[in-house]
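Quick mapping for you: the protein sequence lines, in order, are chains C and P.
Counting in my numbering, the first sequence runs without a single skipped number right up to 486 at its last residue.
Counting in my numbering, the second sequence runs without a single skipped number right up to 139 at its last residue.
Worth flagging that the hints you see were computed from the coordinates, not collected in a lab.
Any given hint could be a false lead.
[As the list claims (entries may be wrong)] Straight-line distance between alpha carbons at most 27 Å, and here's what the computed DSSO-like set of lysine-lysine pairs gives:
#, chain 1, residue 1, chain 2, residue 2
1, P, Lys122, C, Lys256
2, C, Lys350, C, Lys375
3, P, Lys94, C, Lys256
4, P, Lys94, C, Lys24
5, C, Lys256, C, Lys338
6, P, Lys122, C, Lys264
7, C, Lys257, P, Lys58
8, C, Lys264, P, Lys94
9, C, Lys374, P, Lys58
[Unchecked claim] Over the 12 Å line for every Cβ pair with chain C, so calculated as not near, a few chain P residues:
#, residue
10, Phe2
11, Glu25
12, Ala43
13, Leu80
14, Asp89
15, Gly92
16, Ala115
17, Gly120
18, Gly129
If you're wondering where the values come from, they're calculated on a predicted model, not measured in any experiment.
The beta carbon of each residue, even a glycine, is placed where N, CA and C say it ideally should be.
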Amino acid sequence: MKAAYTGPLERVNEYCWRIPRSYKQGMRVDGLIYVSDALVEQVRQDQAPEQVANVATLPGIQVASLAMPDIHWGYGFTIGGVCATDPQEGGVISPGGVGYDINCGVRLVRSNLFENDVRPHLDTLVDALFRRVPSGIGRSGKYHFDARELRRLMLEGVPYLQGRGLASEADIAHTEAEGRLEGAEPERVSERALQRGADQCGTLGAGNHFLEVQVIDEIFDANAAAVMGLEEGMVCVMIHSGSRGLGYQVCDDALKKLRGVPEKYGIELPDRQLACAPVLSPEGADYLGAMRSAANYAWCNRQLLMHLARETFAEVFGRPWEALQMSLVYDVAHNIAKFEDHRINGGHKKVWVHRKGATRAFPPGHPETPSLYKKIGQPVLIPGDMGRASWVLVGQPGSMEQTFGTTCHGAGRVMSRHQAVREAKGRRIDEELAERGVVARARSWRGLAEEQPDAYKDVNLVVDVVDRAGLSKKVARMRPVGVIKG
Amino acid sequence: MFETFAHTADLGLRVRAPELTAVFEDAAQGFLAVLIDNPEEVAAVEEREIAIQGVAGKVDDLLFDWLNELLYLFETDRMLFCDFDITVDEAGLKATARGERFDPSRHHAAHEIKAITYHGLKVAQEEGGDWLAEVIVDI
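Turn these sequences into a full structure, and let the hints guide you.
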């Protein structure tokens with residue numbers, strides 16, 4: 001699995017490489033990987049391209065098995081993978097195409113504070129955030145939902161929290177799918193998943209999840225930035241988390257239920273982790289009902305995390321968060337499957353778009369883009385590593401033409417966790433970050449070591465590709481000044 | 001005995017043991033060492049009985065289900081286990097597991113385990129008679 005990919009990779013243009021359908025028996029479409037010369041050698045280093053080819057064998061797949069420039073090896077499906085299937089052509093739904101962390105995603109909150117306002121209080125602010133925002137393993141949140149409340153939360157999504165004074169109308173309008181996927185069936189979520197999720201809504205988790213205080217470093221599209229209320233030097237909060245133990249359990253349950261199911265429908269799979277079922281089957285419906293529930297839970301999780309961050313800012317700066325104008329810029333999912341309308345071979349089709357480590361990037365004028373952003377396109381949020389940068393982009397027409405309305409989702413790891421820990425031996429990553437002007441707090445030394453900036457690809461190179469390929473356009477780049485990790 | 005190995009963004013657990021019950025015990029010790037950095041600090045003060053139904057010939061699924069059960073007990077009850085009496089037969093696995101609840105002031109958190117995965121899941125007897133098991137956990 002560590003072996004390099006030795007199969008074909010043909011250049012299509014400056015930013016796209018093809019794995020031809022002829023490469024492997026069973027491939028129904030080509031594989032297309034969006035990557036630049038600067039990144040293509042890294043992509044060959046592991047079996048991720050082989051996974052792109054494997055996904056091309058799935059029944060009902062449309063156009064091509066796609067991968068974004070932050071592609072790296074994942075379970076069954078590559079991270080950075082996009083796959084659209086048509087239910088009318090026997091198309092399948094696959095939990096592996098969504099990932100364990102269902103609706104893992106990112107949100108960005110702006111403020112009317114600037115770096116000069118925050119610098120003198122940065123240690124106090126980061127300490128307060130670290131105290132109030134639960135992170136790491138084995139920690140409960142401030143909010144506890146019993147089984148009945150959890151079911152409502154999963155059915156109704158963020159609007160459920162609005163009823164409890166924990167979300168506003170504007171928050172909902174600026175969340176992908178307005179914080180609620182239709183068709184959630186919480187009764188399909190197992191008792192185990194409910195138990196794992198009972199006290200984790202409003203917790204960050206660990207691994208690559210984070211809450212960051214960021215400063216806008218550079219504006220690339222003045223008009224789009226102005227529409228989003230972003231200015232150079234402004235302080236923002238970025239939150240990266242997902243559906244916590246509840247979502248992991250939904251995925252795990254689905255993989256267990258799908259043991260033997262592909263065989264039942266005569267689907268031959270090159271990898272067990274691609275387990276799937278036809279969308280139009282009882283097994284497919286079961287996963288979709290549960291997956292949508294977990295997705296709604298994840299939006300509520302990020303909403304509650306944002307609420308905690310707003311409360312903390314209010315406490316530290318002595319003014320209500322409304323006075324600090326801490327409005328939600330946008331919230332995107334990057335591990336999800338959505339039923340969407342796309343133009344395929346000259347006609348329109350409704351297809352299931354799996355995005356695993358990939359972000360929706362609808363262009364200006366798209367009906368699902370909120371009214372405020374109709375003219376500029378849907379905001380796309382790309383988290384980088386904790387030392388370098390994160391990005392705000394907007395969706396472009398090229399995404400609809402090429403990638404089922406999709407762009408990249410982040411930097412992607414280049415170093416294994418072991419290697420990162422070895423490299424960090426005898427070092428204090430938090431002190432190194434402090435020298436770069438970043439105050440970092442984490443529950444474990446190991447967590448910081450494994451997530452150190454050098455463990456990741458340079459997010460700027462990833463963003464360059466999607467910008468130049470016309471999938472999404474650069475709006476603003478942020479640098480971290482405060483980091484909370486598990 | 002167990003060791004962890006690097007696997008792109010995640011971690012693998014490799015166990016070698018002379019008999020099958022020891023594979024399950026060592027895998028559980030390995031699981032604990034992935035969760036926290038100081039597994040030697042976990043005391044055997046609480047006891048739980050765990051039973052997992054097996055399918056004949058599917059010992060890899062049994063290992064998967066066993067580690068998944070330990071993950072579930074950690075996630076819902078904060079239980080960390082350090083001491084085990086295990087029997088494995090065709091019917092499945094029965095275990096008495098002893099340990100204590102996670103206490104962040106004493107137990108140094110290392111990783112959040114999202115899931116046990118099927119990728120590269122392997123339990124097999126080698127030529128010399130030893131058992132070798134490998135499992136990858138999603139971090």
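Need the status of pair lysine 94/P, lysine 256/C: alpha-carbon distance at most 27 Å?
21 Å, holds
Beyond 12 Å from every chain C Cβ - status for leucine 80/P:
Answer for leucine 80/P: violated, closest chain C Cβ roughly 9 Å.
Determine whether the non-interface label on alanine 115/P survives the test: each CB of chain C must be over 12 Å from its CB.
Violated, because the least Cβ-Cβ distance between alanine 115/P and chain C comes to about 5 Å, which does not exceed 12 Å.
Run the distance test for lysine 94/P versus lysine 24/C: straight-line Cα separation, threshold 27 Å.
44 Å, violated
Over 12 Å from every CB of chain C: does phenylalanine 2/P meet that, or does the non-interface label fail?
Fine: 15 Å to the nearest Cβ keeps phenylalanine 2/P off the interface.
Taking the closest pair, is the beta carbon of aspartate 89/P still more than 12 Å from chain C?
The assertion about aspartate 89/P holds, with a minimum of 22 Å to chain C.
Is it true that the CA of lysine 122/P sits at most 27 Å from the CA of lysine 264/C?
24 Å, holds
Interface-negative label, alanine 43/P against chain C, beta-carbon threshold 12 Å:
At about 16 Å from chain C, alanine 43/P clears the 12 Å cut-off, so the statement holds.
Take a quick look at whether lysine 256/C and lysine 338/C sit within 27 Å of each other, Cα to Cα.
Between lysine 256/C and lysine 338/C the Cα gap is close to 22 Å, so the pair holds against 27 Å.
Taking only the CA atoms, is the gap from lysine 350/C to lysine 375/C under or equal to 27 Å?
The hint holds at about 24 Å.
Has the given pair, lysine 122/P with lysine 256/C, been kept, meaning a C-alpha gap of at most 27 Å?
17 Å, holds
Does the structure keep lysine 257/C and lysine 58/P at a Cα separation of 27 Å or less?
16 Å, holds
In summary, the numbered hints that this structure violates are 4, 8, 9, 13, 16, 17.
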